[in-house]
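Enquirer: Chains as they are written, first to last, in the working numbering: chain A, 258 to 333; chain B, 766 to 1023.
Rather than coming from a laboratory, the hints here were simulated on the basis of the structure.
Be aware that a few hints might be false.
In silico negatives: residues of chain B with every beta carbon more than 12 angstroms from chain A [claimed, not checked]:
no., residue
1, W774
2, Y832
3, G900
4, D902
5, D903
6, A906
7, E908
8, R912
9, L916
Where chain A lies over chain B, by a calculated footprint (3+ residues, C-beta under 8 angstroms) [unchecked claim]:
no., stretch
10, 778-789
11, 802-812
The model shown is predicted, which means the values in this text are computed figures rather than measured ones.
No residue lacks a Cβ here, since even glycine has one placed at the ideal position from N, Cα and C.
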Amino acid sequence: MSSLSDSLRATVGAAAVRLLAIPEAETEARRDGEWCAKEVMGHLIDSAANNHARFVRAQLQDDLVFPATTRARGSA
Amino acid sequence: MTQASDELWPALVGLWRDYNLHLAHIIAAIPDETLRRPRAGHSLDRIAWQTVPADQPAMLEYLIGDYIGHLQDHVRQILALTRQAVGDGSMNSSIVLLGPVSAGKSTQGRLLSAALGRPQVSLDEERWRYYREIGYDDELAREIRQRGGFLALVMYWGSLIPIQSSDCLPNITTASSILGLVSTRAGRISNACGEPLRLTPTFFCCCHRRIERNRSVSSGTRSSSAGGPELRLQPALSTATELLRTGAPHDLHSRNDA
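So here's chain B without its partners, still in its complex pose (with noise of 0.2 angstroms):
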């Protein structure tokens, strides 16, 4: 076996990748026939993960594809075996994005849940229910809204949130209530992502382009869920990916003003 222990774990998954990424151009340049032909004999009734019986033909199509499951099935090993260790309560990386509406937040946590394989959970279902339990009214709202337009709207969100510490936010409206939310239903969230949530590893990241720039673009409707390029992990989320890794307390800003 190899003696990996010494070797520092990024290296070896990218050590791992870049080999595997060469095979995929070894394995695109082999001819079907090659792939396909039925060699009588073989040993992969020996060497195989899933063994062919050395009685019966075998090709190397399938020597391949047994290959990658192979693979496969201890990728899954290591992701459960790691999974099990966060359910111990060892680590905490809860991923909290903040930012204006319109800034990307929910198209890059769905992004990222695929990445990283954990549940998404979208802070606006919860302050809905947090707003009607601490007396919002929407009947006052909608009132509020005709009379006042939009921001008079935020600042009644606004004013039902009692933490108000957004001076560091760029955008006081959607972070203002959002960190209100993590600050005191840390307990309801931590519910609804199945794990404990410690707001000190927790990560910020503030994702805020230009409200307007968006809008002009889809007219009102939301242009993350249109397509397009911002359909990507954002640098700086490739960033928070590979702190997570480290698991140290991190307070990631990030600006997407492209």
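Chain A on its own, in the form it takes in the complex (with noise of 0.2 angstroms):
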């Protein structure tokens, strides 16, 4: 479905300008036990390649079962 598609093409699209601006040293700055920028990306990518895997998947199976990542938090 193509609002779907657009919709993230366009996010990633101007997020990724805005991302990049982002300095090296402030990427790794960490507060308060939470996750610095590059362990966010991190996670990030990690869900595309899971998501990536499920709607392939889904295209072949009957239903949406799928492996649960082992993320502790903000899985999907």
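Mind assembling these two chains? They're in different frames, but the hints should get you there.
Expert: Below is the structure:
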């Protein structure tokens, strides 16, 4: 469906410009045990890979049962 | 969790962007029927970001929308995290666009502002406030313009600016007044930007184009506001965006003669 596809394309296109403007040092700054920007980005890349598999498998199987990933929080 | 800290940020962002553009292709090719078929069996009560109860059917369309929502949420998180760091004063990254009338400073500034999520401040507004503060006389200006034309008026403007280091600039007209403002009104501008302004790490981008060409195209109106091919971020400003990321001080002079 093109609207979901367009939405994803527009989101990452606009976000990437803003994200690339962040200086390297800031992406490693950590506060109060929270994830730093790099860790969040690592999580997003994991999420892309996991969902890549889900989107492909969903077209081959009847259900939407997928193995859980090992994320402690912010699954999907 | 991906051990990301050894990898460089631009590489991670590039991978993330390209992977998602690939996913967008995959999503675009999924038939509507597949997207919207209710599936009684699913694990979205455990794996989704915004979960679906196990006893309710779920659709692939929902799962994809949920993925995008999750992604947007984390992008907001990253931007909030790093804005916090900027607020600490550890980084200054104001961009100053210099150039003559009609060069496209406002247009480029608007695009840059949207792309970077930073406020755009028009120094022209500051300029008039400043001029009045130091004794600019509207009546005299009108008289000068009537007698000597626009150029004479420009000279009157210029005479009000104490800083004259315009020899590096392509056009003394607008550039000198703005440079003067940057130098003498840094505090005020910094207030308007909501962040401390230090001149060293500031970008100076000179967008300059032949004014005559603009004028001939648009008959005296600003062509930049009329749409058209210049409503794009100039390559040099994309470069500026990239340089901003490194946080190093730069003077960036770019030509826009096209």
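Enquirer: Hint numbers the structure violates, sorted upward?
Expert: 1 and 2
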